[in-house]
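According to full-length UniProt numbering, the residues represented by the sequence shown are 1 to 329, in order.
Since the hints were made in silico from the structure, they are not lab data. No experiment lies behind these values; they were computed from the predicted model shown. Treat the hints loosely; a few may be bogus.
Unchecked claim - As a list, the in silico EDC-like pairs of lysine to aspartate or glutamate whose alpha-carbon atoms are at most 20 Å apart: (1) K313 to D225; (2) K6 to E44; (3) K233 to D39; (4) K323 to E115; (5) K126 to E115; (6) K142 to D57; (7) K158 to D177; (8) K313 to E175; (9) K117 to E97.
What the hints assert, rightly or not - Cβ pair distances, simulated, as ranges: (10) Q33 to S241: 22 to 28 Å; (11) S263 to K323: 18 to 24 Å; (12) D21 to K117: 24 to 30 Å; (13) G14 to K323: 18 to 24 Å; (14) K51 to P29: 32 to 38 Å; (15) R309 to P138: 48 to 54 Å; (16) P29 to K126: 29 to 35 Å; (17) G30 to Q325: 20 to 26 Å.
C-beta atoms are modelled at their ideal positions from N, C-alpha and C, and glycine is treated no differently.
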Amino acid sequence: MATDFKSIPIIDIGPLLSKSDDPDMGSDPGVAQVVEQLDLACREAGFFYVKGHGVPDPLVKEVRSIARKFFHLPYEEKLKIKMTPEAGYRGYQRLGENITKGVPDLHEAIDCYTEIKPGRYGALGKPMEGPNQWPQHPPNYKELMEEYISLCTELSRKIMRGIGLALGGSPSEFEGDRAGEAFWVTRIIGYPGVPDANGDNKTDNDVGCEAHTDYGLLTLVNQDDDITALQVKNLSGEWISAPPIPGTFVCNIGDMLKIWSNSLYESTLHRVVNNNAKYRVCVAYFYEPNYDAIVEPLDFCIQKSGGVRKLGKSVYGEHLVSKVQTNFA
């Protein structure tokens with residue numbers, strides 16, 4: 001469970017990445033140090049920064065830059081890829097269309113997911129079937145984002161190997177039937193600055209994204225370098241800022257990891273409040289379980305929790321669909 005943390009730790013994961021595919025990675029001193037830091041961060045805050053992650057900085061910046069160009073296009077152009085249930089909940093959302101806990105959020109976004117071929121998961125996958133909708137303008141949007149998503153997927157897989165060790169299991173705990181074919185979600189999000197929020201399409205809410213937890217295993221947040229807007233709630237109910245630190249991703253754990261860990265690791269409430277005059281862009285990548293994974297507390301995590309099973313069972317795809325269908329106005 002989250003504690004009364006006052007700041008979010010920074011972890012250099014370079015030693016973990018260098019050994020992440022070594023079967024004996026857990027015995028490496030450098031890996032052991034990173035694993036210890038991951039365990040502490042996941043227990044105390046559920047949030048941490050990672051540096052030494054290996055994703056090229058020019059690419060990290062370019063995905064934000066191209067997103068900003070898209071969000072500055074006329075609405076008529078953006079609506080060419082409008083999100084609908086018929087499109088598998090993929091595409092563009094206008095300001096106020098995303099709902100968090102019943103409240104319209106003050107942001108616009110492009111949502112994309114691992115593409116699901118018709119029939120692959122039967123009725124479980126049907127609501128999410130279909131291809132992603134990518135903008136035609138700016139050009140090369142699809143190619144750039146697919147390169148970025150591929151790198152984030154590989155990075156997340158390697159971090160999850162460290163988290164498997166941090167929990168006391170093996171590096172492969174979150175592979176195979178659990179996340180060997182990890183489903184990914186990417187939200188490309190734009191938050192109007194304070195002056196812009198008073199213009200067209202203003203919602204009655206000034207919060208960019210209301211307090212929530214994430215759905216899956218691990219989130220990588222790529223946020224603008226000069227705007228502090230992400231806030232994380234500690235045990236006392238204080239909102240702790242997660243300011244941008246160039247060269248890092250902000251990471252947090254999600255609901256499915258909370259279940260698998262039997263609440264040893266908590267998915268922490270967080271929100272976005274952009275009080276800056278500038279328009280803020282954030283690209284959030286979510287590393288999830290296999291779409292059809294059955295998620296329930298791991299036996300060794302139950303034993304580490306005093307032998308008491310604290311949480312029930314969930315099917316990831318059902319959890320995702322229930323969230324998506326209630327988050328869309």
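Hint check:
{"no.": "1", "hint": "K313 to D225", "result": "39 Å, violated"}
{"no.": "2", "hint": "K6 to E44", "result": "10 Å, holds"}
{"no.": "3", "hint": "K233 to D39", "result": "19 Å, holds"}
{"no.": "4", "hint": "K323 to E115", "result": "18 Å, holds"}
{"no.": "5", "hint": "K126 to E115", "result": "11 Å, holds"}
{"no.": "6", "hint": "K142 to D57", "result": "19 Å, holds"}
{"no.": "7", "hint": "K158 to D177", "result": "17 Å, holds"}
{"no.": "8", "hint": "K313 to E175", "result": "18 Å, holds"}
{"no.": "9", "hint": "K117 to E97", "result": "26 Å, violated"}
{"no.": "10", "hint": "Q33 to S241: 22 to 28 Å", "result": "27 Å, holds"}
{"no.": "11", "hint": "S263 to K323: 18 to 24 Å", "result": "20 Å, holds"}
{"no.": "12", "hint": "D21 to K117: 24 to 30 Å", "result": "29 Å, holds"}
{"no.": "13", "hint": "G14 to K323: 18 to 24 Å", "result": "34 Å, violated"}
{"no.": "14", "hint": "K51 to P29: 32 to 38 Å", "result": "19 Å, violated"}
{"no.": "15", "hint": "R309 to P138: 48 to 54 Å", "result": "50 Å, holds"}
{"no.": "16", "hint": "P29 to K126: 29 to 35 Å", "result": "49 Å, violated"}
{"no.": "17", "hint": "G30 to Q325: 20 to 26 Å", "result": "44 Å, violated"}
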